[in-house]
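Colleague: Just so you know, the sequences run in chain order A and B. With our numbering, you'll find the first sequence wraps up at 312, consecutive numbering, no jumps. With our numbering, you'll find the second sequence wraps up at 221, consecutive numbering, no jumps.
Incorrect hints may appear among the rest.
[Unchecked claim] Footprint (simulated), chain B over chain A, 3 or more residues, beta carbon under 8 Å:
| # | stretch |
| --- | --- |
| 1 | 46-54 |
| 2 | 191-202 |
[Said to hold, decoys possible] Residues on chain B that point at chain A, a partial pick, calculated with CB under 10 Å:
| # | residue |
| --- | --- |
| 3 | L107 |
| 4 | V111 |
| 5 | Y115 |
| 6 | I119 |
| 7 | G126 |
| 8 | M134 |
| 9 | L202 |
| 10 | L203 |
| 11 | P207 |
| 12 | F221 |
[Claimed, not checked] Distance condition first, Cα-Cα at most 25 Å in a straight line; then the derived SDA-like pairs of lysine to any residue:
| # | chain 1 | residue 1 | chain 2 | residue 2 |
| --- | --- | --- | --- | --- |
| 13 | A | K134 | B | Y206 |
| 14 | A | K103 | A | Y253 |
| 15 | A | K134 | B | A108 |
| 16 | A | K110 | A | G216 |
| 17 | A | K134 | B | S58 |
| 18 | A | K134 | B | Y117 |
| 19 | A | K134 | B | L210 |
| 20 | A | K134 | B | V111 |
| 21 | A | K134 | B | K79 |
| 22 | A | K103 | A | L238 |
| 23 | A | K110 | A | L170 |
| 24 | B | K110 | B | V174 |
| 25 | B | K79 | B | I157 |
| 26 | A | K110 | A | A224 |
| 27 | A | K134 | B | G199 |
| 28 | A | K110 | A | L96 |
| 29 | A | K134 | B | K110 |
| 30 | B | K79 | B | S175 |
| 31 | B | K39 | B | Y49 |
| 32 | B | K79 | B | L167 |
| 33 | A | K134 | B | G114 |
| 34 | A | K134 | B | L217 |
| 35 | A | K134 | B | F221 |
| 36 | A | K134 | B | T104 |
| 37 | A | K103 | A | T242 |
| 38 | A | K110 | A | L246 |
| 39 | B | K43 | B | S58 |
| 40 | A | K134 | B | L177 |
No lab work stands behind these hints: they were computed from the structure. The C-beta atom is built at its ideal place from N, Cα and C for all residues, glycine as well.
Next come the chains, spelled out residue by residue.
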Amino acid sequence: MENMDDTSGSSFEDMGELHQRLREEEVDADAAAAEEEDGEFLGMKGFKGQLSRQVADQMWQAGKRQASRAFSLYANIDILRPYFDVEPAQVRSRLLESMIPIKMVNFPQKIAGELYGPLMLVFTLVAILLHGMKTSDTIIREGTLMGTAIGTCFGYWLGVSSFIYFLAYLCNAQITMLQMLALLGYGLFGHCIVLFITYNIHLHALFYLFWLLVGGLSTLRMVAVLVSRTVGPTQRLLLCGTLAALHMLFLLYLHFAYHKVVEGILDTLEGPNIPPMQRVPRDIPAALPAARIPATLLNATAKAVAVTLQSH
Amino acid sequence: MSNLGQFDTDFYQSNYTIDNQEQSCNDSNAYGNLYGSGKILLKFIFRAYILSLFFLFSELGINFDHIWQKTLTVLNPLKPADGSIMNETDLTGPVLFCVALGATLLLAGKVQFGYVYGISAIGCLGIHALLNLMSSSGVSCGCVASVLGYCLLPMVILSSFAIFFSLQDAFGIVSALVIIGWCSLSASKIFISALDMEGQQLLIAYPCALFYGLFALLTVF
Numbered sequence: 001m002e003n004m005d006d007t008s009g010s011s012f013e014d015m016g017e018l019h020q021r022l023r024e025e026e027v028d029a030d031a032a033a034a035e036e037e038d039g040e041f042l043g044m045k046g047f048k049g050q051l052s053r054q055v056a057d058q059m060w061q062a063g064k065r066q067a068s069r070a071f072s073l074y075a076n077i078d079i080l081r082p083y084f085d086v087e088p089a090q091v092r093s094r095l096l097e098s099m100i101p102i103k104m105v106n107f108p109q110k111i112a113g114e115l116y117g118p119l120m121l122v123f124t125l126v127a128i129l130l131h132g133m134k135t136s137d138t139i140i141r142e143g144t145l146m147g148t149a150i151g152t153c154f155g156y157w158l159g160v161s162s163f164i165y166f167l168a169y170l171c172n173a174q175i176t177m178l179q180m181l182a183l184l185g186y187g188l189f190g191h192c193i194v195l196f197i198t199y200n201i202h203l204h205a206l207f208y209l210f211w212l213l214v215g216g217l218s219t220l221r222m223v224a225v226l227v228s229r230t231v232g233p234t235q236r237l238l239l240c241g242t243l244a245a246l247h248m249l250f251l252l253y254l255h256f257a258y259h260k261v262v263e264g265i266l267d268t269l270e271g272p273n274i275p276p277m278q279r280v281p282r283d284i285p286a287a288l289p290a291a292r293i294p295a296t297l298l299n300a301t302a303k304a305v306a307v308t309l310q311s312h
Numbered sequence: 001m002s003n004l005g006q007f008d009t010d011f012y013q014s015n016y017t018i019d020n021q022e023q024s025c026n027d028s029n030a031y032g033n034l035y036g037s038g039k040i041l042l043k044f045i046f047r048a049y050i051l052s053l054f055f056l057f058s059e060l061g062i063n064f065d066h067i068w069q070k071t072l073t074v075l076n077p078l079k080p081a082d083g084s085i086m087n088e089t090d091l092t093g094p095v096l097f098c099v100a101l102g103a104t105l106l107l108a109g110k111v112q113f114g115y116v117y118g119i120s121a122i123g124c125l126g127i128h129a130l131l132n133l134m135s136s137s138g139v140s141c142g143c144v145a146s147v148l149g150y151c152l153l154p155m156v157i158l159s160s161f162a163i164f165f166s167l168q169d170a171f172g173i174v175s176a177l178v179i180i181g182w183c184s185l186s187a188s189k190i191f192i193s194a195l196d197m198e199g200q201q202l203l204i205a206y207p208c209a210l211f212y213g214l215f216a217l218l219t220v221f
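Chain B with its partners taken away, still in its complex shape:
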């Protein structure tokens, strides 16, 4: 027993910075030493796994804080966007949102992953071509894909509504239109702040609205 306590102390004095407040295994555990040591081992493995995931993500360049910041920017379309947030081409969030859209459509009974990926790819190419033609400086396809992917988040909300009730009535049409407007406003806001195209927000918002309208068609019908 005392050896076990010793083991406990040695373990929690390691270099790991994980908070140990949930430590519950102690000598007063009524189920015996074996069960207690098993729990410690399990916690150790779990924490090591989380840490390794953390190191793996930072190795791959996946920064969850940035993803969260960009998501908050999208969710508030009226807040002015900072053009520098799109300096790095981050496709993790967009791919996550595309998978989430496909998953919510799947829960609503529609297996349309292929359509989601296909429309995303072709729409990105089209809007990339249009932005290159309309802006004084060019834009890379990765940045366009990143912005469009992040602004797909409200569409995921719409498709999660579609799980619980049909969107083919008046309420569904109105909510689809609102979500399309939300998505296209966010995307155009980020594009004009990054490409310095003040005064042309409507011209960029309209093709984005058509792009997100295709997703709304997938979701509603």
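Bound-form chain A, shown alone:
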């Protein structure tokens, strides 16, 4: 949009392009000048040199064209553009529908092929995990809190989607990778709700209730969609069982991996009077043979000293 174009000419991208273009022109000019100065090419003069140079140039141009075409195809972010074309009302309705399982197994259920909602849900889960880790003073020894949270959430979303897509390929299920990503991404909405509530209200019974109810609903929704797109009882069982197990166990893992520390702190602050750390009395071993003092005498002396000190 013109509004956002940098008309002052001082943006880095514009200057970068300008410099690139100028440099290329200079290089071309230099190359042309060098060509005109001497007719040699790799030691070959005359007609042979010119022919070799032309062949080499053509090969170079062809290679460069191929590489730039491949780069523009795969590194072009625009191929993802259609998957981010959504309205707020659509996202809202898809979020609500992700908690409502539909029992329609004879006809493939529709899956919204978009990536905005799943991506935002994964980032929300990262934020909730970070919040949970900060409130429970979790210390990550090898890594950072942010790295752990991002790695866990994105690893689950991308990894489990790929794995289930692979299983779906084996079981001949009618689902694409994009649809799997969208399905699993929206399935994380239940996880976000459960974790957001249970990281702030620390009750095990409440967590188990939410785990079964909310986690179960989102899992059932995904299972119903997959069942409608798979033929054969064995295949359905394999695919849906794997997904259900992974989804429910992930929620358990997220809760307990960052919940233990909170529990520990709560017990310390609110639990019954815990006696101070007690030292277990041990006998002094006979470790000094040179002193020739028997162990029993040493131990008796030590105990007498301890009793005397305690009484004072």
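Starting from the structure of chain A, add chain B where the hints point.
Modeller: Frame of chain A, contents of chain B only:
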């Protein structure tokens, strides 16, 4: 003495446009001519310094009036934004606000400049990618950085609260949520007016809220 008065007159008739109303050195100064001339010299040096700073800033393209206008736009999230104010990529204000955030965090006992810069850079890249995907026309990374940086100002206010009292209680959480909403509303308002994406303000406000939520986490904890 009269020579000194002469010198005074010659000095204040120069081309400089600085207002001379605070001129206090005059012949009635009881501390003598030397002290009076010293004060004049000091004022001259100070004013020359201010002028040179003014010329330096205009040479560098730093326009304090624009910075102030954009700051006022951010501070009032309900006022409709003019898309043309983001035509020029101005990173002076954003960098100033990032340094101010780091400084207020430092005053609260947290040395987290690196986190502020790192989160800003990575967040800008992420939101730049998202806006390029969602908008019909592209947007440059500098503009995104400029908008996000300006809308960081309310977070500086939150971190200045954190200097005086802890934000880990209910009041702190509520104020953090309010400030996050304020920042993300301002940023999304400017983005949709500049990118012509009416009806998608919530979709842009949410990733901005996540971005500013990271800063709030830094500030609160």
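Colleague: Go through the numbered hints given earlier and state which of them the structure violates, listing their numbers in rising order.
Modeller: 1, 2, 3, 4, 14, 17, 21, 27, 32
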